[in-house]
Amino acid sequence: MGRDLPETNLLQELEGKRISKEAVRAEVEKDFSLVPELLTGTSSSKANVRYGCGKVLMELSEKYPEKLYPYMTRFIELLDSKYRILTWNAMAIIANLARVDKDKKFEPIFPKYFGFLNDEYMVTVSNLVGNSAKIALAKPHLIQKITKELLKIEKISTTPHLTEECKRVIIGSTILSFDAFFDRVEAKAEVLSFVKRQLDSQRASLRRKALDFVRKWG
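The numbering used here numbers the first residue of the sequence shown as 27 and each following residue consecutively.
The set of hints was computed from the structure by calculation and includes no laboratory data.
It should be emphasised that the depicted structure is a prediction, and the values quoted were computed from it without experimental measurement.
One should not assume that every hint holds.
Claimed, not checked - Pairs of lysine to any residue, SDA-like flavour, derived with a Cα cap of 25 Å: (1) Lys108 to Lys56; (2) Lys128 to Leu105; (3) Lys130 to Ala52; (4) Lys160 to Leu218; (5) Lys130 to Leu163; (6) Lys130 to Tyr147; (7) Lys160 to Gln228; (8) Lys160 to Pro186; (9) Lys138 to Lys181; (10) Lys165 to Ser183; (11) Lys72 to Glu92; (12) Lys165 to Arg210; (13) Lys130 to Glu146; (14) Lys81 to Arg110; (15) Lys222 to Leu202; (16) Lys81 to Ser107; (17) Lys171 to Gly141; (18) Lys89 to Asp127; (19) Lys108 to Lys128; (20) Lys178 to Lys128; (21) Lys171 to Arg229; (22) Lys160 to Lys242; (23) Lys222 to Ser152; (24) Lys130 to Leu168; (25) Lys72 to Glu85; (26) Lys130 to Met148; (27) Lys171 to Asp205; (28) Lys160 to Lys72.
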């Protein structure tokens, strides 16, 4: 359960549904000193407040990474949220901030971040895969490490929340991520071999992604 916190006017308005997430975002765009209020909101016991704040922070991080970067440590802490949606938000925010990470705050959490590859939920793993390309493009020196992690996708365990079909969907996303930075991958043969194994997949969309990749890069 979330903590009951003294709520500011902005959070009270959000809780009472007297202000939309879009309006909250517009307020913060005018005054980024409100970012800590949104961070406080992610710990609210009210679902609409914590998820509303998480969504707004995620959207802002994409457009204004330099404004949210001072709070990078808070977003890293949010990876440990007991609420999966907030973990997903944090994963996306951290990936968006990677391009302005002048203090290299991401590098020490690389094992933790890519540890989500072994999460039991499909959406968590999918978020990791999708965000990997952003991180690779923002931090080219990590491309080989990221490639090594993504090549493990075929071997992740299935769970009640991550079936074989889910894995096929995730593998398709992995191919798209590889496509974004394949020109800088050293282990090209390994990646191409991984992709070519999907040409006979039961999933039509995965076969198409694999074929498109091979035609482009093979």
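Given pair status - Met148, Lys130, alpha carbons within 25 Å: violated (28 Å)
Pairwise hint evaluation, Arg110 against Lys81, where the allowed Cα distance is 25 Å at most: holds (13 Å)
25 Å limit on alpha-carbon distance, applied to hinted pair Lys171 and Arg229: violated (28 Å)
Distance restraint between Lys130 and Ala52, which requires alpha-carbon spacing of 25 Å or less: Cα-Cα ~29 Å, so violated.
25 Å limit on alpha-carbon distance, applied to hinted pair Lys160 and Lys72: violated (31 Å)
Given pair status - Leu218, Lys160, alpha carbons within 25 Å: holds (20 Å)
Restraint check for Lys171 with Asp205, where alpha carbons must lie at most 25 Å apart: holds (16 Å)
Straight-line alpha-carbon gap Lys130 to Glu146, limit 25 Å: violated (29 Å)
Restraint status (C-alpha distance of Lys128 to Leu105 at most 25 Å): Measuring from Cα to Cα gives roughly 20 Å; hence the hint holds.
25 Å Cα cutoff - pair Lys222, Leu202: holds (14 Å)
Restraint check for Lys108 with Lys128, where alpha carbons must lie at most 25 Å apart: violated (29 Å)
Holds or violated: Lys108 to Lys56, with C-alpha atoms at most 25 Å apart: violated (31 Å)
Hint check: violations occur at hints 1, 3, 6, 7, 8, 10, 11, 13, 19, 20, 21, 26 and 28; the rest are consistent with the structure.
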